[in-house]
Structure formats: C-alpha cells, structure tokens
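A.B. asks: Sequence:
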Amino acid sequence: MPTETTPQKTTNRKPEMRHVTRFELLMDAGFGAQKAGDILITAFAKMGKYVYIEPMIPAEISPPPRTRPALSGVVIRLADFDITNIGNDTDLILASQEIVLSRRLADEETNPNCKVLLDMCDKAVNPESYEQVCKQVAKEGYTLYPFEVDADAQAVIKKIGGKGKNIYYLGMLSCIYNMPNEFLVEEIKRTFGKKFSEESMAANLRLFMDGYNYAKANIPLSFDVESRPQQGKEKILIDGNTSLSMGVIDAGIKLFSGYPITPASSIMHNLAKIFPSYGGIVHQAEDEIAAIGVAIGSYYGGVPAITCTSGPGLSLKQEFIGYAAAAEIPVIIIDAQRSGPSTGMPTKTEQSDLPAMIFGNHGDNTKVVISVSNVIDCFYAPQMARYIAEKLHVPVFIASDFQTANSYKVIDMLKANQINNVDEVPDFVFERFHMTRLPDNIEMVRSSQATPGTPGGMRRVTGLNTDATGSVNYFSKSNQRSHQIRNAKIHAVKKALTKPEMFGPKKAELLVVGWGSTRGAIEE
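Residue numbers for the sequence shown, in numbering that gives the first Met the number 0: 0 to 523.
Treat each hint with caution, since some may be false.
Said to hold, decoys possible - EDC-like, lysine to aspartate or glutamate: derived pairs with alpha carbons at most 16 Å apart:
id	residue 1	residue 2
1	188	198
2	347	59
3	157	147
Please keep in mind that the hints were generated in silico from the structure rather than gathered at the bench. Because the structure is a prediction, the values reported are computed rather than measured.
The whole structure should be built from the sequences, with the hints applied where relevant.
C.D. replies: Listed below in structure tokens is the structure:
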C-alpha cells in the first residue's frame with residue numbers, strides 16, 4: 000500500500016457509497032476543530048443523514064501548541080441508519096500537524112485501511128518529527144496524503160490573525176464527503192453571523208472555498224452515505240448536557256447551584272444564558288460543598304433545586320448528600336462521570352462513580368440513581384428525578400458520563416411538558432424509565448413537618464436521628480424505626496420498577512447487561 004499520494008486532478012469524481020463511515024479532524028487546542036465539526040454535522044443533519052459526534056477535549060487548560068497534550072478535535076460518525084454510538088474504527092483522519100496525529104494514533108482507533116491527510120505547513124519547524132510520524136503512518140499500513148494549505152489561503156489566515164485553518168479543513172472535508180457548498184455556507188453564516196465583521200465573514204467563506212477546491216483538485220478521495228430525510232418529523236441536533244439543561248427547565252426546577260467541573264460545566268453555562276427567562280436562578284458557588292448546600296437549602300424552602308458535578312466534586316458533596324437523606328430534604332444531583340480516581344482523566348468516559356453514588360456515604364441512608372443512556376433520556380430525566388425526590392424526600396442522582404454529556408445526535412423534536420408539580424409528570428416519562436407511579440401514602444421519619452414560613456407551623460431539621468415529631472432521639476427503637484422507613488422508601492421504588500428492556504432472542508447463550516451510555520454500543 001502506498002504511503003504517499005502525488006497530488007492529481009480529480010474533478011468529477013464519483014463518491015464511494017457507504018452505509019457508515021467515521022472520520023476525525025485533529026488540531027491544536029484553541030484553533031477551532033470542534034467548531035468546524037459542529038458546522039459540518041449540522042449540515043449533515045439538515046441533509047437527512049444520521050450523525051454522531053464526540054469531541055476530543057484537552058484535559059489541560061490552554062496547553063502549549065505543538066505538544067501532545069494540545070490535541071483537540073472531533074470524531075464524526077456518519078451513516079444512512081440511526082446510529083447510537085461513536086464506534087471505534089476511523090476511516091479517515093485530517094491532522095493539522097504531525098504531533099497531534101502521532102498522539103491520536105496511539106489511541107489505536109483506526110481501521111487497517113485508514114486514510115491520513117497531514118498538513119505539511121509546519122514541516123520546517125521540525126523536519127525530523129514529520130519524517131518520524133510519516134514513517135509511523137507507513138508502518139501501520141495507512142495511506143498518507145500529505146498536503147499544504149495553499150499560499151493564497153495562508154495569506155488570508157495571516158491577515159485575520161492566524162486563525163481560519165479550521166474553516167479551510169472544513170472545506171476539504173465537505174468536498175471529500177460530497178457535501179453541497181450551499182449547506183456549509185449557510186451554516187458558516189449562521190454560526191458566525193453575529194460574531195464576524197463583513198470582512199472576517201468574507202475571509203472565512205473564501206477559506207472554505209479554497210479548502211473545498213483544493214481537495215477537489217488534489218485529494219483523490221470521495222465518500223458519501225445515502226440521505227434519508229424523514230418527512231413530517233421535525234429534527235433537532237443536540238448533545239446530552241444541552242438536553243439536560245432544557246430538561247431542568249421543563250421539569251419546573253427553579254434553582255441551579257453549581258461549581259465548574261469537566262464534563263458537567265456546560266450545563267451551568269447553558270442555564271446561565273436562558274434560565275432567568277423562565278423564572279429560574281443560576282448560582283455559581285465558591286466550591287462543590289457550597290453548591291449542594293444551596294440546592295438543599297432551596298428545597299428546604301420549597302423551591303425545587305438541582306446541582307451538578309463529576310467524580311472529585313461528588314466526593315466533596317457526600318456529607319451533604321447524607322445530611323439530605325437523614326433530614327428528609329429532597330435534592331437532585333447530576334453526576335457527569337469522568338475517568339477516575341482522584342482528578343483522573345477529566346475528558347474521558349467512565350462509569351466508575353456508581354459505587355460512590357450508591358454507597359458513598361457513611362451509615363444506612365437512602366438515595367436513588369437514575370441512569371441516562373442517550374440525549375433523549377437527558378431531557379426527561381429531571382422530571383423523573385424531581386418526582387422521586389419530592390415523593391420520597393430523598394437525594395436523587397441523574398447519572399450521566401462524558402460521552403453522553405458531550406456527544407451530539409440527531410433526534411425527533413422533544414415533547415415539552417412544562418410541569419409545575421410532580422403529579423403532572425406524564426405517563427410516557429414513567430414508561431421511558433421503566434417505572435410506575437409511587438403510592439401517595441409513603442411514611443416519613445418526621446411524620447408532620449411544616450413548610451418554612453407556614454403561620455403557626457413548625458419544622459425541625461437536623462442530621463441527628465429523630466423521632467416522628469422531629470425531636471432528636473437516641474433510643475434504639477427510634478433508630479430502628481428510622482432505618483425501617485428509609486428502607487421502605489427504597490422498596491417502594493423497587494416495586495414501581497417494570498421489567499428491563501431486552502434486545503435480541505429470548506433464548507441465547509450470552510447475556511450482556513449494560514447501563515448508561517453503554518446502551519448504544521450494545522443495541523447497535
């Protein structure tokens with residue numbers, strides 16, 4: 000197999016049709032690879048193609064360019080059928096320089112026939128490094144297509160401050176994947192219309208066309224998947240964290256309190272932009288402990304509240320989670336899991352927080368975990384979480400992870416419910432999470448507690464063991480009663496659960512059990 004391809008004229012190429020393909024754009028952090036990916040998948044979606052995208056986000060903040068930690072990019076999977084995961088066999092890579100390419104190849108997610116497009120513009124910086132990586136590509140048996148951004152485009156990039164290569168690469172990929180120019184031009188204008196001056200917009204559109212024309216004339220590759228537009232169904236392109244953010248609003252939750260942590264931070268960013276328009280409050284706390292404290296305090300006062308976190312933050316929240324369980328105060332916690340332990344790998348997927356969510360507190364206390372397996376679950380999970388939290392007065396987790404949080408998918412328009420109280424949660428939400436409604440007569444440790452501010456009413460709240468009146472009580476019978484009631488709450492949820500969803504033949508030699516984002520790979 001050749002390791003280099005001599006540029007040749009390749010106009011009027013007939014694309015190779017595929018049912019599914021996966022490709023990647025790799026750049027240094029801060030140079031817009033993910034933005035280019037967003038533009039591309041939006042155009043794909045509007046053409047009726049099924050897409051799934053996962054970002055590659057550096058774990059470090061502002062890593063130096065041309066270093067391995069600076070790798071930033073997108074993985075895009077494109078198909079003519081509904082896809083539910085990102086896959087692991089890349090067909091084509093476009094890399095802005097050799098270091099990010101070398102770093103990515105180490106992940107071993109390419110198929111044996113992978114095509115590698117490598118920008119050689121930085122070769123003069125370190126010729127030996129380029130030569131070494133080209134040899135690495137050849138050793139793996141991949142086909143290498145070296146290229147350079149043409150001189151006119153480089154002049155435009157220099158004129159607009161050194162940015163814009165991502166748009167040039169966007170043009171190349173649009174050509175290779177047989178995209179009509181008008182779809183991409185429309186998306187570029189929509190994405191940057193309010194940010195760019197007329198001069199900057201014109202420069203970026205020129206870079207797009209330069210990249211498109213360069214690939215058309217010099218890169219002998221062309222792929223496509225069949226478009227399958229579904230008439231009568233309005234489609235949206237959304238990622239898990241955005242879907243969760245919208246779901247928080249639709250569930251009637253009125254306060255969000257959080258502290259920035261990857262990969263949960265964009266939930267707070269999304270809500271900060273729009274939550275006040277719906278009567279909500281966004282509070283950025285000084286730390287993870289304060290964030291959940293504010294959420295518990297809000298629910299104590301009768302205002303539905305939610306917080307979000309990831310592994311290290313979950314560890315910090317544990318004492319307050321135990322307090323909410325003991326004091327019977329509802330609270331909802333979104334846990335967008337990352338790879339651990341400790342700081343771990345903030346931008347990698349793992350489901351290792353499950354033991355901490357279930358068993359992370361000392362003592363025998365009550366909590367419920369709701370798992371989301373896709374972006375649709377993310378929208379409806381806050382309604383389910385609020386229902387359980389308020390019915391049982393317990394902490395409820397929404398367990399997400401990096402892949403679900405950051406992966407985009409084309410789905411049917413979601414049905415907004417705009418609930419005010421938990422009795423308004425519609426039946427289809429219960430069906431989605433394989434659960435029936437809870438009984439209305441669930442016993443509480445504190446049998447009668449007034450909402451704060453009720454005239455003549457009283458409420459006593461403490462993390463100490465109490466009797467039915469809310470008074471502190473250290474006698475064994477009181478403690479036994481408290482344990483029995485907390486266990487009864489969990490059993491009420493267990494009784495409300497319906498049978499798990501089964502796929503495949505009823506009689507099989509192998510059973511695969513999964514939860515969360517593993518569902519996509521198992522289903523497909």
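A.B. asks: For each hint, tell me whether it holds in the structure or not.
C.D. replies: Hints, verified against the model:
1. Between the alpha carbons of residue 188 and residue 198 the distance comes to roughly 13 Å, so the proposed pair stays at or under 16 Å and holds.
2. Note on residue 347 and residue 59: the hinted pairing holds, with a Cα-Cα distance of about 13 Å set against a maximum of 16 Å.
3. Of the supplied pair hints, the one linking residue 157 and residue 147 holds, its CA atoms being roughly 15 Å apart against a limit of 16 Å.
In terms of the numbered hints stated before, the structure departs from none.
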